[in-house]
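**Student:** Listed in order, the protein sequences are those of chains W and L. Residues 8 to 443, numbered by the numbering used here, are exactly what the first sequence covers, in order. Residues 67 to 236, numbered by the numbering used here, are exactly what the second sequence covers, in order.
Since the hints were derived computationally from the structure, they do not count as laboratory data. Even for Gly, the Cβ is constructed at its ideal location relative to N, Cα and C. One or more of the hints may lead you astray.
[As the list claims (entries may be wrong)] Quick list of in silico lysine to aspartate or glutamate cross-link-like pairs, EDC-like style, CA-CA up to 20 angstroms:
no., chain 1, residue 1, chain 2, residue 2
1, W, K365, L, E218
2, W, K183, L, E141
3, W, K365, L, D134
4, W, K288, W, D330
5, W, K341, L, D127
6, W, K183, L, E169
7, W, K365, L, E169
8, W, K341, W, D284
[What the hints assert, rightly or not] Simulated coverage check for chain L against chain W, where a stretch passes if three residues somewhere in it have a Cβ under 8 angstroms from a Cβ of chain W:
no., region
9, 163-173
10, 176-184
11, 201-213
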Amino acid sequence: MTSKLRIFLFLVLAYCGATQAFAVNGIVTSGKIDPLPIAITPFIAAAGTENDSATISGIIASDLARSGYFNPLPPESFIEQIGSFDQSPNFASWQQVKTQALVIGQVSQSGGRMTVAFKLYDVNTQAFLAGSSFTAPPKFSRRLAHKVADMIYNKITGFAPYFDTRVVYVDESGPKNARVKKLAMMDQDGFNPRTLTSGNEILLTPRFSPNTQEITYAAIGTEASRVYLYNIDTGQKEIVGDFPNMSFAPRFSPDGQKVVMSLQSDDGRNANIFEMDLRSKQMRQVTDVPAINTAPSYSPDGTRITFESDRGGSQQVYVMNADGSNQNRVSFGKGRYSTPVWSPDGKYIAFTKQGESKFAIGVMAPDGSGERILTEGFHNEGPTWSPNSRVVMFFRDQPGESGGPQLYSVDITGYNEQKVPTPEFSSDPAWSPLLK
Amino acid sequence: MMMRLANVKFAALCCCFLALAACSKKTQPTLDSPGLNTGLNDGGGQSAPGSKGDFKTNVGDRVYFLNDQTNLSPEAADTLTKQASWLKQYRQVTIQVEGHADERGTREYNISLSARRATTVRQFLISQGVAGNRISSIAYGKERPVALCDAEQCWSQNRRAVTVITGGAN
Chain W
8 MTSKLRIFLF
18 LVLAYCGATQ
28 AFAVNGIVTS
38 GKIDPLPIAI
48 TPFIAAAGTE
58 NDSATISGII
68 ASDLARSGYF
78 NPLPPESFIE
88 QIGSFDQSPN
98 FASWQQVKTQ
108 ALVIGQVSQS
118 GGRMTVAFKL
128 YDVNTQAFLA
138 GSSFTAPPKF
148 SRRLAHKVAD
158 MIYNKITGFA
168 PYFDTRVVYV
178 DESGPKNARV
188 KKLAMMDQDG
198 FNPRTLTSGN
208 EILLTPRFSP
218 NTQEITYAAI
228 GTEASRVYLY
238 NIDTGQKEIV
248 GDFPNMSFAP
258 RFSPDGQKVV
268 MSLQSDDGRN
278 ANIFEMDLRS
288 KQMRQVTDVP
298 AINTAPSYSP
308 DGTRITFESD
318 RGGSQQVYVM
328 NADGSNQNRV
338 SFGKGRYSTP
348 VWSPDGKYIA
358 FTKQGESKFA
368 IGVMAPDGSG
378 ERILTEGFHN
388 EGPTWSPNSR
398 VVMFFRDQPG
408 ESGGPQLYSV
418 DITGYNEQKV
428 PTPEFSSDPA
438 WSPLLK
Chain L
67 MMMRLANVKF
77 AALCCCFLAL
87 AACSKKTQPT
97 LDSPGLNTGL
107 NDGGGQSAPG
117 SKGDFKTNVG
127 DRVYFLNDQT
137 NLSPEAADTL
147 TKQASWLKQY
157 RQVTIQVEGH
167 ADERGTREYN
177 ISLSARRATT
187 VRQFLISQGV
197 AGNRISSIAY
207 GKERPVALCD
217 AEQCWSQNRR
227 AVTVITGGAN
């Protein structure tokens, strides 16, 4: 076990070293990471799981490929056919197809439950790197595949997993001047999309609770923007607080006990940030500055909040203590900075940046240093982080009467920009934590 | 939901602005009676005095704002002065002021910016003598553009506040 672990660590370190070489400074809007060739053999199917088995191998390959760090080789190129999960691979054969990692697996079903098992090998050292099995009702077969992909991704890159996650977003349909905007949710790879509200209200900025059971969002009905809590299991929604003025831009605290949001002032001129304790329903005013203070997002330890404010004349990103003390501007580049979102690892703030008729998505350290633009164009907006802080998802609006927004993701290095498929136009994504 | 005017300081500011606006519009006659201006619509017969059509056609239901601005241009103040006159004539009419922003901003900010615009209009109408309890307001952010060309000529039409009659019209 120790020797296996040492080899595994060596590979991880070697690969981390490689990724370091790709880290970039300044503006990078296109390019490639050098991905690791990996052979994912067709998973061996027990009777009755043939269809699932092929799907599961495909999901794993697709997850790894979309991460940008892997190049799953086409199964047609494989020389050795793996016929048994207990078979020892012929590593010479796998070296010949120029893969560096090899995955074999099997799918079985018993007692109404599906089990997916896998083994991961380093082809060059012939070392067994990892192996595990996951069991769940068959309707969760895609999640089982994501769990396997997550473990492979983690073992080889050293990064925390993120494939077994969901994304909430706004499903947009209808003409641009009368867009119907519904709450929607899907798996992170775009599968299982479903809308959760009827579209009677203009739905904005949905965000997951830390336990992924609830969503908070703002919606404009016939009266005003209001902040809601939506329970995914029951489909029930409730208004957060009974405020005379409009409320918007909600987000959960890391412990899930509070929602922070903006409330428009009585005189209608300003918006300030308030925090509501969901149990006691007590409201606490966090900012009290005559300006538009909005888009609050907690640091992962809950001690600080980043937000945007136009108190200095234009939208800029600020950081403060969660009690409202020590409010400091941290964005100082050219342009307007908005929609700050703290990364789950605490190391970055992602933002939207407007300047010279372009909208960019970027990241910087919480003190404002080390700004990097990940993508830039006509209109990019609203970043959200994968739970491992490696991928930023956002939406990109297309110009023109028939144009509409679409979700995209990009690696934190600025490489590997990918369209995230959705059935309709899509905006305002928010990534869930890793599912339990 | 109605956004109530609770800030006396702001009311004072608004009055100062009103004084300026009033000066700037003295060159134009005030159309106290919409009946004076119905020539354009006699053919259609749609715009009976005191009707929604009358308000929209003969008074003007919307004002426009500069990029990222919430203050009223002289033209906007002129339109709102006409709106106030009409609303004082038809005292049973209730309205909702819709604030809007163009698409060249981020979503959350535009919600608040458009609320500022709706508030500016509402408070101007109140300062002109329209009772505050007749005026509700709502902020739509960038969610309801009317012009879709993705150029300044369209964005300038989308940065607007629209006075929508919600009840009491003929």
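**Student:** Of the numbered hints stated earlier in the document, which are not met by this structure?
**Tutor:** 2, 5, 8
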